[in-house]
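These protein sequence lines are chains C and G, in that order. The end of the first sequence is residue 442 by the working numbering, with every number in the run present. The end of the second sequence is residue 489 by the working numbering, with every number in the run present.
Calculated from the structure, these hints are not laboratory results. Just so it is clear, the structure is predicted and the values come from calculations on it, not from any experiment. The reader is advised that the hints may include incorrect statements.
[To be verified] Covered stretches of chain G, as calculated for chain C (at least 3 residues, CB under 8 Å):
no.	segment
1	54–67
2	130–138
[What the hints assert, rightly or not] Under 10 Å between C-beta atoms, here's a sample of chain G residues computed to sit facing chain C:
no.	residue
3	Tyr100
4	Ala193
5	Ala198
6	Leu268
7	Pro464
[What the hints assert, rightly or not] Taking beta-carbon pairs under 7 Å as the criterion, some of the chain C residues facing chain G (in silico):
no.	residue
8	His6
9	Val18
10	Ser21
11	Thr148
12	Leu215
13	Asp281
14	Gln285
15	His313
No residue lacks a Cβ here, since even glycine has one placed at the ideal position from N, Cα and C.
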Amino acid sequence: MPYVTHSEAERSEMLDAVGVSDPDELFDIPDPVRFDGDYGIEAHSERETRAAVEGILEESADLTEFLGGGHYEHYVPSVVDHLSLRGEFLTSYTQYQPEVTQGFLQALFEFQSLVVELTGLGVANCSMYDRSTALGEAVLLADRVRATDGDTVLVPADLPDRVRSVLENYTDGPGITVESYPTSGGTVDVDGLAERIDGDTSMVYAATPNARGVLEPDLAAVGDLADDNDALFCVGSDAVALALLEPPAAYGADVVVGDAGVLGLPTTYGMGLGLFACREDFLRQVPGRLVGAGEDTAGNRAYTLTLQTREQHIRRERATSNICTNQAWLALRAAIHAAWLGPDGLVDLAEESVTGVAEACERIDALDGFEAPVYDGHHFREALVDTAAPAADVVDHCRHAGLAVRTVEDAGEERLAVCVTDANRDRVDDLLDALAGYGGGA
Amino acid sequence: MSQEQHERPEGAADDADGESEAPHQQARWYDGDRYEPLLNEKSTDTVAVESSLPDDLTRDELTLPDLAEPEVTRHYTRLSQMNYGIDSGPIPLGSCTMKYNPAFTEDVAAHPGNRVHPLRSDDDKQGILRLLYELQETLATVGGMDAVTLQPPAGAAGEFTGIQVAKAYHEANGEGERSEVIVPESAHGTNFASAAMAGYDVVELPSNEDGRVEVSALEAAAGEETALLMLTNPNTLGLFERDIAEIAEIVHDAGGLLYYDGANLNSLLGKARPGDMGFDIMHFNLHKTFATPHGGGGPGQGPIGVNADLAPFLPTPQVREVDGDYEAYEPEHSIGRVHEFTGNWLVLVKAYAYILRHGDAGLERISETAVLNANYLAERIEYEVPYGPFHHEFVASADEDAADVAKAMLDQGVHPPTTKWPEIVDEALMTEPTETESKARLDDLAAAFDAVAATDPEDLAATPTETTARRIDQADAARNPRLSWHALE
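So that you can see chain C by itself, here it is in the shape it has in the complex:
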């Protein structure tokens, strides 16, 4: 029987010790709720199981992806797998006994330090589930810390539906209303926001790069509007973009959320590593886990989970969040990837995310029947493309060439979205061939 190590003799000895002849006698379950059926699942050898599961996985199409839209792939160096898969990391538990988990605690401390450097904010936690749940937690934090009442959070009109839906579940309990402010020309409409914001606004959210892949040109103005209305200003971004961009704290961000899985995580059907950082004065209201440095009794530096009086296992219904299991192993992977890149490598990777999409757009724009990018401005990883032919037809055509691109509804039009990173940049020629082969579209 797999992974159960008792010999029959040992099993008998143990049964004797507890005074039963069959383990079934140990089940204190009343007959009416006993289960006497079976699940109908056949057991398989390890070899058979691998073959079966891998056979299912192979049923997905073999495509080169230019998809983006909230899940981005960069090349992950081999060393990330080799180190993070060491059993002492992979099979360890939450660090409730810090004296035997210094290694993981230090790695998480280093991850937090990376996020502090990237955001410019004083405090970072050691992970959220993904960018959408991190945004949900940011709104709940704003609700707790804001000096005056206010129960509206303002988000850009182009916030992806998937993120907004998560946010609406998070805001349902405390009765916070999610409302949109307008965008124009592919970026925040600052005047439109000024008309929407008022004393009832607890938080304003803006992302850079935004949902159209555009780097927001004037988030300082958004921060000023939030400040003038005593609302928190939350910026959405990611761990690669922030290596290049001005740190959000420098233009007034109170909270930064987003995705750190862009480091260390290949495309795995949307797994995430939520990033969360905030001003130091919100320290005791931060959701999730925090690792702190301290000393042991020998006077050496040591790390420990800290400020646990915020957490659900102590504060129960008064906890800052319900988070128990988080994304610690993915934070380890992100930290290793960042360490491998170093500051130059990280900046270069980010810059490649600017030049790659810009070059692709320039080439697509030169094709008959395509205009790219739809919006002026500097793009990061992705951009929208106007097509003379129906965008869905272009997607189908690309698919036959082994390439996955997608459409988005934008300003009442169906448009093509194209995402270029170091992971697929060497296939941009194929994408261009496929688009050109569409024969001018219409």
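Fit chain G to the given chain C structure using the hints.
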């Protein structure tokens, strides 16, 4: 490396014979520092950021560690050696269920067929959708539920999702005014936090003298305000709630729903199903029941199962089979999403492989062995173990500070149990050996408990001495928070 550097630093305690005989001791470092420098202390560089972007969009400089791959590798290798995992030895943390994770599931997770973007069309991700569908259906069978969503990225996220589904259901039935969630005092802290997060008032239910739900207290608590009772069965004392049928009737008669916290489900596989006990909603902790490595705190995955009345409220997307093809769809009254995509895909694929490997007989053997191991260990240790009979875990009562006991157990080379919780037991040592520990390892654990029990309580405070770090002043770390290397500068 010289012989001198192999010698122990002054003050490192020896066993009586001068040799450490603990069977699964973590690596220790005797080069004087006893800690690994931070990456930034090894080599840091500040680089000027140059970009094709305009200056007003970009930062001026970036300061980060700057090491070549060999030094990065040595840093993390050393950190790993300063860390204890289930591959090093048992982690009998009650209610956390840390069991051995088979190696092959990592290979399954590394298969290129997992490298699929979530925004592909359904046609282009049939492998992913088929696995999601089959796992959805399998979990429904195991739980005795009618429908399952795989989306929640952790157990607590599953609780929150289940509560949102219950709330949507009550609202659809014109019962949106129900404002209370009842939770037994022995419940996991996440139950309280998740209910509060969803906007409910939490009503705490006391335990009776045999450690189970006090039925008369439930009768008094349940009423027209009750939206939900959250319960784990067996409970966190390892005790089966034998009155479950009566409990379900009370809650249902009051118009409330019954929620099952699946953290302890590994002790029921093949023996009982939450749906058959009257539970309307449940979550699965895939990383506990079906094993996936817990990665130092996550990722996990917390699918929820519901009965047919609640199925239309599940998050979107769900997966269904139509003529041999698989497609995503939105349930009629869906609450929307609780994760941007589908949570932690790799945990799902590992859990699926684990279930397929075991089959019915293997899954039943899991629960039988988990329960046998818990009862055997409870029998073997010197500390008092109140209540019983036990399922997957038991809670012993230490004669001294349970936290001290834990630290002293570290010096015995084993990971200690959960301490000081549940508070129903004085100085609790909440112990769950799981099914993957051999008799020899259980005997080691018992010996470690007994060695500590036989130690003068005054000596316990000086422990641990055999670990990477000595005891850490957690109160000081919380009083003076230093949460990044910037704070140490």
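Hints versus structure:
| no. | hint | in the structure |
| --- | --- | --- |
| 1 | 54–67 | holds (count 11) |
| 2 | 130–138 | holds (count 4) |
| 3 | Tyr100 | holds, 6 Å |
| 4 | Ala193 | holds, 4 Å |
| 5 | Ala198 | holds, 4 Å |
| 6 | Leu268 | holds, 8 Å |
| 7 | Pro464 | holds, 5 Å |
| 8 | His6 | holds, 6 Å |
| 9 | Val18 | holds, 4 Å |
| 10 | Ser21 | violated, 12 Å |
| 11 | Thr148 | violated, 21 Å |
| 12 | Leu215 | holds, 6 Å |
| 13 | Asp281 | violated, 12 Å |
| 14 | Gln285 | violated, 13 Å |
| 15 | His313 | holds, 4 Å |
Of the numbered hints listed earlier, those contradicted by the structure are 10, 11, 13 and 14.
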